[in-house]
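Visitor: Sequences listed follow chains A and B, in order.
Counting from -6, one number per residue, gives the positions in the first sequence under the working numbering.
Counting from 989, one number per residue, gives the positions in the second sequence under the working numbering.
If you're looking for bench data, these hints aren't it; they were derived computationally from the structure.
Treat the hints loosely; a few may be bogus.
To be verified - With a Cα cut of at most 25 Å, we get these calculated DSS-like pairs of lysine-lysine:
| # | chain 1 | residue 1 | chain 2 | residue 2 |
| --- | --- | --- | --- | --- |
| 1 | B | K1045 | A | K264 |
| 2 | A | K264 | B | K995 |
| 3 | B | K995 | A | K104 |
Claimed, not checked - Reference excerpt, derived from the structure (chain B facing chain A, CB under 8 Å, subset only):
| # | residue |
| --- | --- |
| 4 | N1089 |
| 5 | K1093 |
| 6 | V1254 |
Small disclaimer: the values here were computed from a predicted structure and weren't measured.
Note that the Cβ used here is the ideal one computed from N, Cα and C, for glycine as well.
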Amino acid sequence: MENKAMLQFDQPSFFKRLKGMLGVDFYRLFHTPLLYIFLFIAALIPALVSMGAMGGEEGAETAGMFSNAWQIIAASKPMYIISDMGDYANMNMVYIFGGIMISIFIGHDYKSGYVKQLFTTHAKKQDYMISKTMLGAFSMVCMCVTYMIGGMIAGAATGLPFKINAGSLICAILGKFIMSLGWASLYTFINVIFRSKFGISIALCFVLGTGIPIIGAAAVIGNTPALNIFLYGSSVYACLTSNALTLVICLMNSVVWAVIYNVLGTLILNKRDCY
Amino acid sequence: MNAIEIKGLTKSFRGMHAVDSLNMTVPVGAIYGFIGENGSGKSTTEKLICGHLVPDKGEIKLFGKPYTDAGVRVRVGALIESAGCFPNSSVYANLMMQALNLGIKNRAEEIQRVLKIVRMEDNAKLKFKKCSLGMKQRIGIAMALLGNPALLILDEPINGLDTDGMRIMREIIVDITQNLGCTVLISSHILGELEKIATHYGIIRQGKLIQEMSAKEMDARSRVFVSLKTGDMQEAIKVLKSKFDDVRFEDDYIRVYDVEDTESIVKHLLDSGHKVSEVEKNKVGLEEYYIQLMSKKEEA
């Protein structure tokens, strides 16, 4: 009965394994409404913020919050202490949406039982962490793009000026893109801890994504660049005065945190049952 | 070579041993019937083999390699508890995701192939949540069959299926072992169905494998008995006990164990003035063997 061809087991390379896992995740991402809903929300929020729809008469709030249309995308300077909504309501909000989206995405892996299929065929749990991190980062970059489009339309509609140093603007936007990687790894890590209890994951991702711990720390220790070592700190640092150094800091920070969270997440997956 | 080789496997939940120093051997190409009562540790063992649970102790080898070997595990298909599909996605989308996961090249053809095996070709567009229980079980098998697995682990795949569904499932399992060379580990409470297909058995009780044997060994160990009915059953039992060692009244029949000569039993009864209305030669089946074994263990 032994079939020799049947009993040949080729070792799949890391890239082959990852390609398989990414294939599933991206297929699901594009074939279910979750991403599209969040892209729409990401486009809508800056419009609502800038048009004063979040409070007061139309346009009245905007006048106080923003003096330039690009402030809808990034703060004018790195302010960790929030003095008004204008300092806060920018593209960093994408990281909150991203946290919620990743929590729902991973939560459904566990809730549906599909995770059993993944872990049966993927002996290396790091594949799961890396794939989900990459998927989350991609989704957040896409949300950044729709946020930017929504913000630009809203800025134009409210008549705010678009005058800006193009280099700084590009660095700020790229910085936000780069930070998506670190945030996605954090959210993936949180979700492999709480698994199908994605209500807890969503709440935790929301708290961290809003930057409350860093804003709180800034209120105590002051507006210091030392806060850049944290994901929220670097995300704030990617502002309209950004330069090449900002990008380097964002890149280093994002990659280092991504590695840390991926290693910790893989350890947890290896040590804990997947139910 | 053995498809599965387990030594001293232990897994506890909150201090309770679900699997306790379990040793198990599944030969390549076997249909291994994994039997045990509820909570005996069948599903836990299967989850440990699939890497869903982390063992406390012990060793699991699949085709001679550690179960954590990526090359082996990619060739394992499993249906444990449920199919593990996204309810709002179609049958096709769920299979496509699994095909992508396994890195299959001709995905569309492979999906058609497995759908054909499980006789679900016409339901590919159906949303998973709209499928009946039987269909969901078959989709689970189809998922497990993708990518030509060398080992299939099926946990209660015939639970909740109607007679026709059971027959289809039985045919599928036999087909994949005989034609594809796949090894199957299957657990089920429906021992009569298992008996029709299994080539090997493993009986687990309280987390320990208490018996492991091939279907041939099982057949050899099974006791032969003659079951019969007479007008006065109690008197007939007394008469039979005078000549035969093991005579019992079970399931409305008199059973004379370990005797193959039906004629001598009937003659003995007739000589004693008892008319025999029914007589049949039988062998203890898997179910009875299992019940007897469990009773012995209970008594011990």
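Visitor: Against this structure, judge whether each hint is valid.
Guide: Comparing the hints with the structure gives:
With a CA separation close to 13 Å, the supplied pair B/K1045 and A/K264 stays within the 25 Å bound. Distance hint between A/K264 and B/K995 is fulfilled; the C-alpha atoms sit about 20 Å from each other, no more than 25 Å. A distance of roughly 32 Å separates the Cα atoms of B/K995 and A/K104; the hinted pair therefore is violated under the 25 Å criterion. Checking B/N1089 against chain A by beta carbon gives a least distance of about 4 Å; that is within 8 Å, so the hint holds.
Taking 8 Å as the C-beta cut-off, the interface hint given for B/K1093 is violated, the closest approach to chain A being about 12 Å. A hinted interface residue such as B/V1254 counts as satisfied when its beta carbon comes closer than 8 Å to some beta carbon of chain A; here the least separation is about 43 Å, so the hint is violated.
In this structure, the hints that do not hold are numbers 3, 5 and 6, in rising order.
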